[in-house]
Amino acid sequence: MPLPAACMDHEMSVVKSAPTHPDPLIEIKDVHFAYDERPILRGLSLSVRKGEVLAVMGGSGSGKTTLLGLIGGRILPNKGKILVDGQNVPKLDRAALYALRTRFGMLFQFGALFTDLSVFDNVAFPYREQTNLPESVIRDLVLLKLQAVGLRGAAGLMPSQLSGGMARRVALARAVALDPMLMLYDEPFTGLDPISTGIVARLIRRLNDAFGLTSLVVTHDLDASLKIADRVIVLAEGQVYRDLTPDDVRTTTDAFVRQFADGLPDGPVPFHYPAPPLLDQLLGKTVAGPNGGGTP
Amino acid sequence: MNSVIEMIEGLGRSVLNALARLGLAGRFFLAILMVIGVPLRRFSLLVRELYFSGVRSLLIIVVSGTFVGMVLAIQGYEVLQRFGSAETLGVLVALSLVRELGPVVTALLFAGRAGSAVTAEIGLMQATDQIAAMDMMAVNPIARIISPRFLASVVSLPLLACMFSAAGVFGAYLVGVKLIGIDDGSFWSQMQAGVDFRLDIVNGLIKSLVFGVAVGLIAVFEGYYAPPTAEGVSSATTRTVVTSSLAVLMLDFVLTVWMFRGLNG
Ligand SMILES: Nc1ncnc2c1ncn2[C@@H]1O[C@H](COP(=O)(O)OP(=O)(O)OP(=O)(O)O)[C@@H](O)[C@H]1O
Ligand SMILES: [Mg+2]
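Protein chains in written order, with numbering that gives the first Met the number 0: chain E, 0 to 295; chain C, 0 to 264.
Just so you know, these hints were derived from the structure itself, not from any lab.
A short list of chain E residues far from chain C (calculated; beta carbon distances all over 12 Å):
| id | residue |
| --- | --- |
| 1 | G58 |
| 2 | G60 |
| 3 | D84 |
| 4 | A147 |
| 5 | G197 |
| 6 | A209 |
| 7 | F210 |
| 8 | R230 |
| 9 | Q238 |
| 10 | D261 |
| 11 | L278 |
| 12 | G283 |
A few chain C residues that face chain E, going by a derived Cβ cut-off under 10 Å, partial list only:
| id | residue |
| --- | --- |
| 13 | L123 |
| 14 | I130 |
| 15 | M133 |
| 16 | M135 |
| 17 | A137 |
Glycine included, each C-beta is placed from N, C-alpha and C at the ideal position.
Using the sequences and the hints given, assemble the complete structure.
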């Protein structure tokens, strides 16, 4: 088993050096989205500049995964525009959408590797499906991509034999296979130990700069995203609540962002699910509901 | 009074839900047919599924067929010899197998053995975002994952039904000729004379083709739309077996009525 650290470059201090162009790659304008009747996004507007790593943060259920689904055209907004490289995603037909998606790379939360294919075949999948390259060329390309994530030695393993962190890195190699212009990451750090988190975080930054990508990272992990992001956006109530630089996040006095940054259990996001006063309920002044909640 | 209204409301709701699901399945079926050329052009996709659904079901089909044939021979002999026509056992067994038991029992076994596996596999792929990931890689999952599995079921069910019938005839031969001692020659010649190619064999094949479509569609549909949880996948797997079995038995009735219409009146 290759040691993760041994596979990384040695001068891996993270330097945010991406030359960010002012013109946006993604522009989201006044997007509304609801599941059934429940509004998730309410007039969300944001733009992602070419070349930057943008971290999108927000509590569970704030609509981060939904946002990625909208950008990828997997779900349609009720209202609003989603421009990616000048094309309005919700209005594209299937062929145009698929053409656009070949220029996306997406990393799903748990990697979403194809469980019936080996590591090698997983990374080879995009080449075999989208190109006519001969198998010998594909082999070299796959090995190079696996080398970039430090897992060339694991090419023969099946996904079930990988740890969570390794699976994430293989999925990353697969996502960048076709040299995309845009990378979308859904919670790339959840369930990883600190070392793996560091490895994945550095890979995100390094791939972004080396290949001139633009990256949108949806995450809960503030530490990791502060290390790699050029900009941090906080979602709340279906809108962009704050748009900050990592330095702003460290110094801000905004109560909501501070609660997030410092991991405080209570603050503007309450610890308690709405309930009647504890004493009243204990003294039997309220009728306890079936799940412990009370109705006065 | 209120409870009656509630009951009627509940009934209406479940009918509406069932209709909506049927409509969804219909649209899904069309979406599969639109891309059914993909597994035909990329034959390796189909071959893999034929192996998993068809070849891996072979053993259970052949063993079941043999036993069903042996039982048919014993039961048939007991009745036939009352009328002194024990030598027609071959026809009786062959017709029962080719017309009914071959297609129907094969489809029921296939739903339990291969259909449930397909549902579970697709349901798990859905729950672990593999299907979403494929879609985001601009590869149509209906073409790449669903249609080969569906087509494999349509192709392998008729072949398996033939195997089942052949094994059944062999089992009947073992019991009827080798054990009971019916005349070898009349067993086979009566069978040859009594089984019509068009009326019996082709009709049996048509039946199992229709069952293949039904079981295949139900299996991929239940998997594709299974809720992405352990419970969702497991209940989808159960539903595949139950729904396919009911569908096969009902379709069998409809097809039998249609095939033998006007024969006797
Ligand atoms: N298919 C669906 N049908 C109905 N509601 C859904 C569906 N998917 C998500 N939701 C709801 O939409 C809201 C936003 O979901 P989303 O997955 O975008 O949140 P998130 O910010 O990614 O949360 P997390 O950090 O927990 O992943 C959640 O409250 C969720 O319950
Ligand atoms: Mg999410």
